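Visitor: Mind assembling these two chains? They're in different frames, but the hints should get you there.
Just so you know, the protein sequences line up as chains A and B, in that order.
Take any residue in the first sequence, note its place counting from 1, add 10, and you have its number in our numbering.
Take any residue in the second sequence, note its place counting from 1, add 13, and you have its number in our numbering.
None of these hints come from the bench; they were simulated from the model.
Be aware that a few hints might be false.
Here are the simulated lysine-lysine pairs, DSSO-like style, with alpha carbons at most 27 angstroms apart [to be verified]: (1) B:Lys147 - B:Lys122; (2) B:Lys194 - B:Lys147; (3) B:Lys176 - B:Lys83; (4) B:Lys157 - B:Lys198; (5) A:Lys126 - B:Lys361; (6) B:Lys426 - B:Lys333; (7) B:Lys194 - B:Lys152; (8) B:Lys83 - B:Lys122; (9) B:Lys170 - B:Lys203; (10) A:Lys95 - A:Lys66; (11) B:Lys361 - A:Lys87; (12) B:Lys313 - B:Lys426; (13) B:Lys361 - A:Lys127; (14) B:Lys203 - B:Lys122; (15) B:Lys157 - B:Lys123; (16) A:Lys66 - B:Lys361; (17) B:Lys267 - B:Lys198; (18) B:Lys28 - B:Lys313; (19) A:Lys116 - B:Lys386; (20) B:Lys83 - B:Lys223; (21) B:Lys152 - B:Lys122; (22) B:Lys386 - A:Lys101; (23) B:Lys361 - A:Lys39; (24) A:Lys116 - B:Lys361.
What the simulated footprint calls covered on chain B by chain A, stretch by stretch (three residues with Cβ under 8 angstroms from a Cβ of chain A suffice, anywhere in the stretch; the number is not a length) [unchecked claim]: (25) 387–398; (26) 402–411.
Far from chain A, some chain B residues (derived; all Cβ distances over 12 angstroms) [as the list claims (entries may be wrong)]: (27) Ile36; (28) Phe62; (29) Lys123.
This one's a predicted model, so the numbers in the text were calculated from it and none came from an experiment.
The beta carbon of each residue, even a glycine, is placed where N, CA and C say it ideally should be.
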Amino acid sequence: MTSDIAYEVMMDHYRNPHNYGSIENATQKITEYNPLCGDTVHLEMLIKDGRVDDIKFIGRGCSISQASASILTETVKGKEVGSLKELTDEKYLVSLGVTLGPAREKCALLSLNALKKAISGVKNE
Amino acid sequence: MLDPLKVKKDFPIFKRKIEGKEIIYLDNAATTQKPYVVIDAIKNYYENFNSNVHRGIYKLSEESTDLYEKSRKNISEFIGAPDPRGLVFVRNTTEALNLVASSIGQGLKKDDEVLLTMMEHHSNIVPWQFLKAKGVKIKFADIKDDGTLDVDDYVSKITPMTKVASVTHVSNVLGAINDVKELGKIVHEKDITFIVDGAQSVPHMPVDVKDIDCDFFAFSGHKMVGPMGIGGLYGKPDLLEKLPPYMGGGDMIKSVTTEESTWNEIPYKFEAGTQNVADAVGLSAAADYLRKLGMKDIRKHETELMLYAFQEERYVEGLKSFGPRSLHLRAGVYSFNCGEVPAFDIEKELSGERIKISKGSMHPHDIASEMDKEGIAVRSGHHCAMPLMARLDVQATARASFYIYNTKEDIDKFFIELNNSITRFAH
Chain A
11 MTSDIAYEVM MDHYRNPHNY GSIENATQKI TEYNPLCGDT VHLEMLIKDG
61 RVDDIKFIGR GCSISQASAS ILTETVKGKE VGSLKELTDE KYLVSLGVTL
111 GPAREKCALL SLNALKKAIS GVKNE
Chain B
14 MLDPLKVKKD FPIFKRKIEG KEIIYLDNAA TTQKPYVVID AIKNYYENFN
64 SNVHRGIYKL SEESTDLYEK SRKNISEFIG APDPRGLVFV RNTTEALNLV
114 ASSIGQGLKK DDEVLLTMME HHSNIVPWQF LKAKGVKIKF ADIKDDGTLD
164 VDDYVSKITP MTKVASVTHV SNVLGAINDV KELGKIVHEK DITFIVDGAQ
214 SVPHMPVDVK DIDCDFFAFS GHKMVGPMGI GGLYGKPDLL EKLPPYMGGG
264 DMIKSVTTEE STWNEIPYKF EAGTQNVADA VGLSAAADYL RKLGMKDIRK
314 HETELMLYAF QEERYVEGLK SFGPRSLHLR AGVYSFNCGE VPAFDIEKEL
364 SGERIKISKG SMHPHDIASE MDKEGIAVRS GHHCAMPLMA RLDVQATARA
414 SFYIYNTKED IDKFFIELNN SITRFAH
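Just chain B, with the same shape it has in the complex (with noise of 0.2 angstroms):
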């Protein structure tokens, strides 16, 4: 069983109080806190080990590109990646998302299809969009009114144009959990590329790369008590060796003369650069740290908060909740509204049919303001999935996002002031 107060301890940010309050961290989808024994394993690797790796023959150079790769191994065990040789090492998600779109996207034609759907982070829409230049099309499988992907409409969007499908692991508005193992047999039976971004799914329950059979798999170290700065993109090797590089420059080369480059061995093919050796080995350790908690009980302590705020919710008044309701679907991820928060519109506005705040609502906006007054951090905003929001017919949402050192009590006092805020906010 996890323990989240004895895991709080772990977090010296909770030492801090904020106007006197101590710190209520409900903003764990966005970016999680970092342990000491993160930290302490960057600060022990600039302290001890600082140097350039795959460079340097003298001791420091050796010792540093060992921990590089040693943070690989783990890093890819983590993610059940069978070949560390598969594990690219690069910002976050994003960075990992757009890599794999650049690079697979310089072999796409003219109408060609991307598969994507309406739950996607701006992350894993933007670099595909990027290819409308070169004519490619991109295609939305739509959601169903419980929140959960339209598997129907998914299988329906594709074409023998779909050259590649990309999807979401858990939706970081609806917390859904998609059942990416399917979806992968799907599209590969059509000899489709299939990449899984998992932003939010690393971080919460037990993720294996080679069980889903995903060809690419993109995650972030900082939502799972990680440094910022670093995250993976997981490709199966001999796709890996296919695909040409995405940045160049230093080390991700065998050889350059003036007319042409001749490429590195995978993963450095696409590691261009001096690269973030100390937060890969906060990384690691940070992956070291969620084992010995254990995913499958991270992930039974997350279904036990969600099941608590669904009980708890019922005591706010025109509080309207987004995603699926069954818990083995869901991750703990909580979007709400108090009220109707539609998305904006002038002629509609004007004609009085959508008006105005009624009693009981509150913009998400104020409410995350509110919130803040007491110490509890939540996020408000369309969550960087513009498509979703636009989807669900709503302007924004608020968002609670749990993790390993959220407790009950948390949920509570996150209701409580939410029903506090909304009686000084009614009429």
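Same shape as in the complex, but just chain A (with noise of 0.2 angstroms):
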């Protein structure tokens, strides 16, 4: 069940995002959307020493996905690189605290997806 906190930290997070913007000396950018709903998230970060030194994104969607995504950077910044494979679908999904429907679900995993991605190119490298 969705908590009435945890839900309400949502809009919060949707009303005044954290991390919106631009970083400069990005090292990583990627533009991830759901085709279904045109949810839209940028995600920027500066990757230092193998850690997310900076994360900032902008987006225009759904409260779930841009909740989601301020959430996001709040979790992953200043954590190794490495150490965020661990955060999987599931884990991500459970630490928002609310139930979502399969729909919302995709909503709230587009900037998970988008770092996913932009740090999957970190170890390529």
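Guide: Written as structure tokens, this is what we have:
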């Protein structure tokens, strides 16, 4: 069940997104969108010494997709890139604390998909 | 007069409650609900007549063939087609348009042009884009700011190379009704093949393909209380005869050798493989059902609902609805946004020119989600019309679309819930 607090936290992130904007010396830039609804998230990251030194996003979409992007930036900032592999879809959805239907889960996972693609590039280098 | 509450009783799905709430179904442009008579017709077919058509010489096959061909005749009459040989059964409008684009496309050459409009559904864009591989060019006629087709622009985009013009009868986003009879006259003067996408018109208004004088006309059964998986492509019989087949297989041939094949008569030339007989019979029952209600009365009912929506929308702050305001140019499709939802653009977003959400604004996806909590089904997204979304400079819209079982009370609940959602989302 969705707790009222988790829901309010998400709504607060939606209304006042954290880490909204762009990073001048970003090492990673990626835009992901959901073709079903057009929800878009653009992520920029600065990865330094194997850590997420900075991460910002801009986007447009439903409350779930945008709140989730905001929460994700808070979650991964400062973390080691290697440790982000452990952040699975399931774990991330649970951490949001809200119950979503299958259609809305895609919204919530949009930014995580963007992040995964961005850091898969890091490992290849 | 059409009584929507009486109509509603013919549809078993409305007995269902979702989390204790009655279903208010406002996504009829996507698909419609099915009445008992259609469900029963399908059941009756499988219980009593099931067998393959045009093959067996036994009783069941004869009866099944008879039912299939009677359905063809009945559905032909429903759209005003004078000759049932002109009706090819397909899965849906998408398949009809793919068939016609692929088969006509075989005869097109490099630099030939296809004229479309900015309000087309993807199913009337993508099949034509397949022809770009052979050098065919596609042109799009613009819309006017009032959401109607810009006929001057349409005419200006016709060139000596234009070979095909394909246009939607009714826009699934704007609800705009195009004067296809007039457009047909314009393009026929230049010997251009004229195709009409009738997915959003056949279910909602009297349609007469003979009067429109189109060369081909595509429609779906499931949007007119018929089953999913059956639809029609009407073509003028002499044109269908000239058109090469689309799919090869059983039943569409006259003879086959290891070297080559010859084609069956129309419409069978376009009906390869075992046909969807049960759903053709179901669609025929749907046509009977709609005919009984009266297509003029259905159109009148939806016009009244649209007028009512136009009156009530003013109570929603920040609401912007799309499409023509003149009721005679407007079908029962109501697309709208709460606040501005412009297309996403990284540069503009970062420059702060267009930023975030404003008070009273709500993303269409959230609107649909919030409405769902009250049992109200509305659509959100690009509605398979991404070029139109770009033209309207919106990322997406929400959409309510009306049909025979919708009431003014449904629209009241829709607007009340919309207001409640906006309040919840407000800063």
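Visitor: With reference to the structure, classify each hint as holding or not holding.
Guide: Going down the list of hints, with the structure as the test:
Only pairs whose Cα atoms come within 27 angstroms are accepted, and Lys147 (chain B) paired with Lys122 (chain B) is accepted, the gap being roughly 7 angstroms. With a CA separation close to 30 angstroms, the supplied pair Lys194 (chain B) and Lys147 (chain B) exceeds the 27 angstroms bound. With a C-alpha separation of about 35 angstroms, the suggested pair Lys176 (chain B) and Lys83 (chain B) falls outside the 27 angstroms cut-off, and the hint is violated. A threshold of 27 angstroms between alpha carbons decides the hint, and for Lys157 (chain B) with Lys198 (chain B) the separation of about 21 angstroms falls inside it, so the pair holds.
This hinted pair checks out: Lys126 (chain A) and Lys361 (chain B) have alpha carbons roughly 26 angstroms apart, not beyond 27 angstroms. The straight-line distance between the Cα atoms of Lys426 (chain B) and Lys333 (chain B) is roughly 18 angstroms, inside the 27 angstroms bound, and the hint therefore holds. A hinted pair counts as satisfied when its Cα atoms are at most 27 angstroms apart, and Lys194 (chain B) with Lys152 (chain B) qualifies at roughly 20 angstroms. Between Lys83 (chain B) and Lys122 (chain B) the alpha-carbon distance is near 39 angstroms, which puts this suggested pair outside the 27 angstroms criterion.
A threshold of 27 angstroms between alpha carbons decides the hint, and for Lys170 (chain B) with Lys203 (chain B) the separation of about 12 angstroms falls inside it, so the pair holds. A distance of roughly 19 angstroms separates the Cα atoms of Lys95 (chain A) and Lys66 (chain A); the hinted pair therefore holds under the 27 angstroms criterion. Pair hint Lys361 (chain B) plus Lys87 (chain A) holds up; C-alpha atoms about 25 angstroms apart against a cutoff of 27 angstroms. With a CA separation close to 21 angstroms, the supplied pair Lys313 (chain B) and Lys426 (chain B) stays within the 27 angstroms bound.
Restraint check for Lys361 (chain B) and Lys127 (chain A): the C-alpha separation of about 24 angstroms stays at or below 27 angstroms, so the hint holds. Pair hint Lys203 (chain B) plus Lys122 (chain B) holds up; C-alpha atoms about 17 angstroms apart against a cutoff of 27 angstroms. For the suggested pair Lys157 (chain B) and Lys123 (chain B), the alpha carbons sit about 31 angstroms apart, so the restraint of at most 27 angstroms is broken. In summary, the hint linking Lys66 (chain A) to Lys361 (chain B) is supported, as the alpha carbons are separated by about 16 angstroms, within the 27 angstroms threshold.
Of the supplied pair hints, the one linking Lys267 (chain B) and Lys198 (chain B) is violated, its CA atoms being roughly 36 angstroms apart against a limit of 27 angstroms. Of the pairs offered as hints, the one joining Lys28 (chain B) and Lys313 (chain B) holds, with about 26 angstroms between alpha carbons and a cut-off of 27 angstroms not exceeded. As the CA atoms of Lys116 (chain A) and Lys386 (chain B) are separated by approximately 19 angstroms, the hinted pair is consistent with the 27 angstroms bound. Between Lys83 (chain B) and Lys223 (chain B) the alpha-carbon distance is near 20 angstroms, which keeps this suggested pair within the 27 angstroms criterion.
A distance of roughly 16 angstroms separates the Cα atoms of Lys152 (chain B) and Lys122 (chain B); the hinted pair therefore holds under the 27 angstroms criterion. Restraint check for Lys386 (chain B) and Lys101 (chain A): the C-alpha separation of about 26 angstroms stays at or below 27 angstroms, so the hint holds. Between Lys361 (chain B) and Lys39 (chain A), the direct Cα distance comes to roughly 17 angstroms. Compliance with the 27 angstroms bound is thereby established for this hinted pair. For a cut-off of 27 angstroms, the pair hint linking Lys116 (chain A) to Lys361 (chain B) stands: about 26 angstroms separates their Cα positions.
Taking a C-beta to C-beta cut-off of 8 angstroms, the stretch 387–398 of chain B contributes 3 residues in contact with chain A, enough for the three needed, and the coverage statement holds. Under the rule that three or more residues need a Cβ within less than 8 angstroms of chain A, the assignment of the stretch 402–411 of chain B holds, with 3 such residues. Ile36 (chain B), annotated as away from the interface, keeps every beta carbon of chain A farther than 12 angstroms; the closest lies near 17 angstroms. Residue-level check passed: Phe62 (chain B) sits 38 angstroms from the nearest beta carbon of chain A, beyond 12 angstroms.
Every Cβ of chain A is farther than 12 angstroms from the Cβ of Lys123 (chain B); the closest lies at roughly 31 angstroms, confirming the non-interface assignment.
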